[in-house]
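Protein chains in written order, with full-length UniProt numbering: chain F, 1 to 572; chain U, 1 to 572.
Careful, some of the hints might be misleading.
Put simply, identical chains are the same to the list, so a pair is met inside one copy or across any two.
With a straight-line cut-off of 30 angstroms between C-alpha atoms, the simulated DSSO-like cross-links for lysine-lysine are [said to hold, decoys possible]:
id, residue 1, residue 2
1, K224, K393
2, K521, K486
3, K393, K352
4, K37, K519
5, K78, K521
6, K407, K314
7, K109, K486
8, K191, K393
9, K549, K352
10, K123, K352
11, K191, K366
12, K273, K37
13, K529, K76
14, K55, K369
15, K78, K500
16, K286, K521
17, K274, K549
18, K366, K171
Simulated from the structure, these hints should not be mistaken for lab results.
These numbers were taken from a predicted model, which means no experiment stands behind them.
There are 2 protein chains.
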Amino acid sequence: MAKRIVIIGGVAAGPKIAAKLRRLDHEAEITIIEKGKFLSYAGCGLPYYICEDIKEQRELMETPVGVLRDPEFFEKTKNVKVYNRTEAIKVDRLKKEVEIKNLDTNQIKTLPYDYLVFATGAKVMIPPIKAIDVDQPGMELGCMDLSHVYTLHGIEDAEAIRWTIKEKMAKKAVIIGGGLIGMEMTESLVKSGLLVTVIEMLPEILPIIDDDLGILVRRYCQEKGVNVRVEEKILRLEGESGIVKKVVTDKGVYDTDAVIIATGFRPNSDLAKKSGIEIGETGGIKVDLFMKTSDSFIYAAGDCVEIENLVCMKNAYMPMGSLANKQGRAVAINIAGGQEVFRGGLNSVVFKLFDYTVSRTGLGMKQAKDLGFDAEYTLVPAPDKAHYYPGAKRVITKIIVDKRNGKLLGGQFVGTGEIMKSVNTVATALYYGGTIEDLSMLDIPYAPPYASAIDNNVCVAANVIRNKLNRSMIGISALEVEKKRKRNEDFILLDVRTPKEYQQVRIPGSTLMPLGVIKQKLDELPRDKEIVTFCSASLRGYEASIILKSNGFEGVKVMDGGLACWPYELEK
Amino acid sequence: MAKRIVIIGGVAAGPKIAAKLRRLDHEAEITIIEKGKFLSYAGCGLPYYICEDIKEQRELMETPVGVLRDPEFFEKTKNVKVYNRTEAIKVDRLKKEVEIKNLDTNQIKTLPYDYLVFATGAKVMIPPIKAIDVDQPGMELGCMDLSHVYTLHGIEDAEAIRWTIKEKMAKKAVIIGGGLIGMEMTESLVKSGLLVTVIEMLPEILPIIDDDLGILVRRYCQEKGVNVRVEEKILRLEGESGIVKKVVTDKGVYDTDAVIIATGFRPNSDLAKKSGIEIGETGGIKVDLFMKTSDSFIYAAGDCVEIENLVCMKNAYMPMGSLANKQGRAVAINIAGGQEVFRGGLNSVVFKLFDYTVSRTGLGMKQAKDLGFDAEYTLVPAPDKAHYYPGAKRVITKIIVDKRNGKLLGGQFVGTGEIMKSVNTVATALYYGGTIEDLSMLDIPYAPPYASAIDNNVCVAANVIRNKLNRSMIGISALEVEKKRKRNEDFILLDVRTPKEYQQVRIPGSTLMPLGVIKQKLDELPRDKEIVTFCSASLRGYEASIILKSNGFEGVKVMDGGLACWPYELEK
Numbered sequence: 001m002a003k004r005i006v007i008i009g010g011v012a013a014g015p016k017i018a019a020k021l022r023r024l025d026h027e028a029e030i031t032i033i034e035k036g037k038f039l040s041y042a043g044c045g046l047p048y049y050i051c052e053d054i055k056e057q058r059e060l061m062e063t064p065v066g067v068l069r070d071p072e073f074f075e076k077t078k079n080v081k082v083y084n085r086t087e088a089i090k091v092d093r094l095k096k097e098v099e100i101k102n103l104d105t106n107q108i109k110t111l112p113y114d115y116l117v118f119a120t121g122a123k124v125m126i127p128p129i130k131a132i133d134v135d136q137p138g139m140e141l142g143c144m145d146l147s148h149v150y151t152l153h154g155i156e157d158a159e160a161i162r163w164t165i166k167e168k169m170a171k172k173a174v175i176i177g178g179g180l181i182g183m184e185m186t187e188s189l190v191k192s193g194l195l196v197t198v199i200e201m202l203p204e205i206l207p208i209i210d211d212d213l214g215i216l217v218r219r220y221c222q223e224k225g226v227n228v229r230v231e232e233k234i235l236r237l238e239g240e241s242g243i244v245k246k247v248v249t250d251k252g253v254y255d256t257d258a259v260i261i262a263t264g265f266r267p268n269s270d271l272a273k274k275s276g277i278e279i280g281e282t283g284g285i286k287v288d289l290f291m292k293t294s295d296s297f298i299y300a301a302g303d304c305v306e307i308e309n310l311v312c313m314k315n316a317y318m319p320m321g322s323l324a325n326k327q328g329r330a331v332a333i334n335i336a337g338g339q340e341v342f343r344g345g346l347n348s349v350v351f352k353l354f355d356y357t358v359s360r361t362g363l364g365m366k367q368a369k370d371l372g373f374d375a376e377y378t379l380v381p382a383p384d385k386a387h388y389y390p391g392a393k394r395v396i397t398k399i400i401v402d403k404r405n406g407k408l409l410g411g412q413f414v415g416t417g418e419i420m421k422s423v424n425t426v427a428t429a430l431y432y433g434g435t436i437e438d439l440s441m442l443d444i445p446y447a448p449p450y451a452s453a454i455d456n457n458v459c460v461a462a463n464v465i466r467n468k469l470n471r472s473m474i475g476i477s478a479l480e481v482e483k484k485r486k487r488n489e490d491f492i493l494l495d496v497r498t499p500k501e502y503q504q505v506r507i508p509g510s511t512l513m514p515l516g517v518i519k520q521k522l523d524e525l526p527r528d529k530e531i532v533t534f535c536s537a538s539l540r541g542y543e544a545s546i547i548l549k550s551n552g553f554e555g556v557k558v559m560d561g562g563l564a565c566w567p568y569e570l571e572k
Numbered sequence: 001m002a003k004r005i006v007i008i009g010g011v012a013a014g015p016k017i018a019a020k021l022r023r024l025d026h027e028a029e030i031t032i033i034e035k036g037k038f039l040s041y042a043g044c045g046l047p048y049y050i051c052e053d054i055k056e057q058r059e060l061m062e063t064p065v066g067v068l069r070d071p072e073f074f075e076k077t078k079n080v081k082v083y084n085r086t087e088a089i090k091v092d093r094l095k096k097e098v099e100i101k102n103l104d105t106n107q108i109k110t111l112p113y114d115y116l117v118f119a120t121g122a123k124v125m126i127p128p129i130k131a132i133d134v135d136q137p138g139m140e141l142g143c144m145d146l147s148h149v150y151t152l153h154g155i156e157d158a159e160a161i162r163w164t165i166k167e168k169m170a171k172k173a174v175i176i177g178g179g180l181i182g183m184e185m186t187e188s189l190v191k192s193g194l195l196v197t198v199i200e201m202l203p204e205i206l207p208i209i210d211d212d213l214g215i216l217v218r219r220y221c222q223e224k225g226v227n228v229r230v231e232e233k234i235l236r237l238e239g240e241s242g243i244v245k246k247v248v249t250d251k252g253v254y255d256t257d258a259v260i261i262a263t264g265f266r267p268n269s270d271l272a273k274k275s276g277i278e279i280g281e282t283g284g285i286k287v288d289l290f291m292k293t294s295d296s297f298i299y300a301a302g303d304c305v306e307i308e309n310l311v312c313m314k315n316a317y318m319p320m321g322s323l324a325n326k327q328g329r330a331v332a333i334n335i336a337g338g339q340e341v342f343r344g345g346l347n348s349v350v351f352k353l354f355d356y357t358v359s360r361t362g363l364g365m366k367q368a369k370d371l372g373f374d375a376e377y378t379l380v381p382a383p384d385k386a387h388y389y390p391g392a393k394r395v396i397t398k399i400i401v402d403k404r405n406g407k408l409l410g411g412q413f414v415g416t417g418e419i420m421k422s423v424n425t426v427a428t429a430l431y432y433g434g435t436i437e438d439l440s441m442l443d444i445p446y447a448p449p450y451a452s453a454i455d456n457n458v459c460v461a462a463n464v465i466r467n468k469l470n471r472s473m474i475g476i477s478a479l480e481v482e483k484k485r486k487r488n489e490d491f492i493l494l495d496v497r498t499p500k501e502y503q504q505v506r507i508p509g510s511t512l513m514p515l516g517v518i519k520q521k522l523d524e525l526p527r528d529k530e531i532v533t534f535c536s537a538s539l540r541g542y543e544a545s546i547i548l549k550s551n552g553f554e555g556v557k558v559m560d561g562g563l564a565c566w567p568y569e570l571e572k
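Can you build the whole structure from these sequences, using the hints too?
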């Protein structure tokens, strides 16, 4: 008899499972239950749809050859039954039945299954922010009760935001939350012509990367005209006639025509939990290596599951479309009788922010320390191609490594240059549990239009950490240098660039001593003070520290990443 | 006492060794011997200098901050003594001395060393092509005896070619050899306004990739107006008044104003050999894992050494700037007393050809078979980003794998899309001896502007091979299909695209049966003939083959890469 498979969720993992399963088993009875109207759409494309980089809604739901993936497509081409606008409301695991409800007709139906799949995705976290409406004094409102307050989850959200912009009802927007979605929406709304304010509660935006890179990205956004506020708490929203007009924080009041709430997602595992399926510590559905839940006839995949972080082997929540699809493929193979293992993820992320790319894989320095790793890192700002090749652009690379064994822990990348080639390399090395020695010796290809001879963003960065690990270089971050300056510590910040470079731009209070003359001027440097050397990217800074060290200066430090990673004031 | 290190060769590995060694040992007496006038220049940048993408010669010899790396720079900033225009003519290994000769003054000098390094690079292979000059009848000439016949090795060569173009002495050029340098020069000369003919002796250009991709690149060059000839043997060059005017082959006569000989390089290991150092089977200097030669006091690095291919563990010659620099770094660390291992290379290559990128890592299908591997491969043409994201461009991915254990053997990439992210991923997986399962499960990051959710060029390609390995898909190459057609074999070439697509362009003799109607039209298909399905990229072709298989059709094949990889005639 044909297997009956019911898949709850029709956005990413669900349709993937259905399509792959159909290829593996042409007799199976496959059903998708989807709450929304649309299915199999590119959720990650929504910010680009809002700003009309992607013109038509259907482009988000088309196959590469332009066929719309609507319910009819699934039924006709894939022989997959689709119930959209339909919610799965109850699972009877003993009878192996799902109760579903049509959201338009409220009709209830029961579907039997041999295998059930939870592909229920994530749900938006709505913070407990209150709202008031000057036209409805005394009414207690939640933040979503005012109009023009949006989240970004499904196509309907994107349509609403796009419509608000198109109808010219919004000139200003406040984005609550400076995480990945908040920053993707920042670009989208700025491109749409809005004045954007981003308000982040934490000390820095983008918790997906470390603060030393986050601050550089924030500065970049500020240069782009975005008002980015950190360490600022939302007190309430204020509306008029039901429409949001102001965002009030502990530090100010912002007039606005729209608010986007982008404070994160959590696994949509409610129905699974209600059905008695085991839920993990992150709130995601617990699955084994085969994506099977605690019930042998129920699988789960996508943004509703908890998986393992392959770097630290801890349970983790990684709501990423790339992982959802890989998990979905594994579920399909296993339901069809195969043995496909999904081991976990690396928390790899990339996103576009104006001309910047921001990417991360593995652990950040903060995470690594929180997990008890004795970690070292490096910051290397360098061109993405041969520096003499036209169009070379800068990427700042941060590599994080376990000091005790040289094992890679993570990589982060920020800049206008090409980043995928580097983050993919580091992610692949992480997958294999690679070391920093490996990274410095990888034979990745080189030609001037594509990379530097010793790849700056991978191999050179690895070499810099190796220099740090063997103590030929002692680093100090710009953030720590700034703290010293604020505490008025007595130390020398030694700029070893040329006088010409120094004249153009310099750190206030820094001392100029070009690399070429250091050997002649050793007597001018005090031996009882800490010296921190730097240049534009800290290669010359490193050379200067070696000269000083070989002349008996002790404890000379090099400022990580030099001027390129200095996020504070500069004199011009 | 300070160590005395003499480095023979000052282009890539040599200066790298000197610079790194100086950072490790501030007392060492370091000397570089360089035959040419220039040192530490970007040899790989020469084609871009010729076509003036790079304007000034000094850009090829500047540090990222614009300091010229001339002998004075090395002496002043690095405390490295440089003898340029100087040849090392003899090594006395017992006395540990090198005899050097100034090429301008013929002065001879002897330098003692504690450690000697051969960084003597490669030398151009000049084929035994004869030339005649109509104005010197009866004179027997070699091909280099005529003017305007060039090789591309050092800056002097590039200057000569650029000068010939600038002085408008050349409107046409013939490039002998369709390998990497020949094709880089093709772009360079076309960009410079010349009419270019490339003549390759082998059946296909670009032996660095397999012929099924080579033919696609050749077609692309032909579309760009380049006359690319294969399987054509040069008989002789003909000149007038000492200047080349014609190239005569076994198939034709080509008028020309200049000839570039690009028939390959070999290790410049003559002095090492003369000195009694062991030479490997490839002609390169034999080195151990620490880059030490058969003499404990002599190291070697760069284009003059033989290294190991990490995929097949065979001795190999890989004259690449990226490897030269890594080897150089290892030599410096080891001379300074460290223990740095250089394990080998993957033969990773990338180069630019107009809007195409061409790249390769590991073994090709042909090499793999020659080495006795039972290899399988796939061809996947797919966009480099989410297909709906503006500016997505096509990349054709070829992955090669060992059938017996699923181990990766190599990857090749051709197309206008972004390729580095994929070739770096495959190269890294190869470095770790990874499998095709790994490749399909790698957590490389995804966002629509950068990749597809399941990365097309890595994970999807891996999945396609996995389908082939487990026999859910049987592939056949376009080249084999064309052979069948030429032999008038009775088989059905089943195009499963839409009628609209078919009308636009189709393979002559193919049969249209859109994917959506196959199930209804099974009776129209003969069960006793071989059926080969395809579509634009062969995803629908694959689905069609599954439908046919599940309906009892046996041995249905899918044409690898579909129309996108079909290099022969098309009807429009």
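Status of the hints after comparison with the structure:
1. Taking CA atoms no more than 30 angstroms apart as the test, K224 paired with K393 passes in both settings, with 18 angstroms inside one copy and 28 angstroms between copies.
2. In the homo-oligomer, the alpha carbons of K521 and K486 lie at most 30 angstroms apart inside one protomer (28 angstroms), although the nearest pairing across protomers, at 79 angstroms, exceeds that limit.
3. When the C-alpha separation of K393 and K352 is checked against a cutoff of 30 angstroms, the pair qualifies both within a copy, at 15 angstroms, and between copies, at 18 angstroms.
4. Only between protomers do K37 and K519 lie at most 30 angstroms apart by alpha-carbon distance; the minimum there is 28 angstroms, versus 72 angstroms within a single protomer.
5. With identical chains, the CA atoms of K78 and K521 are at most 30 angstroms apart between copies only, with a shortest distance of 17 angstroms across copies and 77 angstroms within one.
6. Taking the shortest Cα distances, K407 and K314 sit within 30 angstroms of each other both inside one copy (17 angstroms) and across copies (28 angstroms).
7. Proximity of K109 and K486 under a CA criterion of 30 angstroms is satisfied in neither setting, with 67 angstroms inside one chain copy and 59 angstroms between copies.
8. Proximity of K191 to K393 under the C-alpha cut-off of 30 angstroms is found in both arrangements, the shortest distances being 22 angstroms within a copy and 23 angstroms between copies.
9. With identical chains, the CA atoms of K549 and K352 are never at most 30 angstroms apart, being 42 angstroms at best within one copy and 43 angstroms at best between copies.
10. With identical chains, the CA atoms of K123 and K352 are at most 30 angstroms apart within one copy only, with a shortest distance of 23 angstroms there and 45 angstroms across copies.
11. Neither within a single protomer nor between protomers do K191 and K366 lie at most 30 angstroms apart by alpha-carbon distance, with minima of 32 angstroms and 49 angstroms respectively.
12. With identical chains, the CA atoms of K273 and K37 are at most 30 angstroms apart within one copy only, with a shortest distance of 25 angstroms there and 75 angstroms across copies.
13. Taking the shortest alpha-carbon separations for K529 and K76, only the inter-copy value of 28 angstroms comes in at or below 30 angstroms, while the best intra-copy value is 77 angstroms.
14. Taking the shortest Cα distances, K55 and K369 never come within 30 angstroms of each other, neither inside one copy (44 angstroms) nor across copies (48 angstroms).
15. In this assembly of identical chains, the alpha carbons of K78 and K500 lie at most 30 angstroms apart only when taken from different copies (21 angstroms versus 67 angstroms within one copy).
16. Within a single copy, K286 and K521 get their C-alpha atoms no closer than 64 angstroms, and across copies no closer than 45 angstroms, so neither meets the 30 angstroms cut-off.
17. In the homo-oligomer, the alpha carbons of K274 and K549 never lie at most 30 angstroms apart, since the shortest distance is 65 angstroms inside one protomer and 42 angstroms across protomers.
18. Taking the shortest Cα distances, K366 and K171 never come within 30 angstroms of each other, neither inside one copy (37 angstroms) nor across copies (61 angstroms).
Checked against the numbered hints given earlier, this structure breaks hints 7, 9, 11, 14, 16, 17 and 18; the rest are met.
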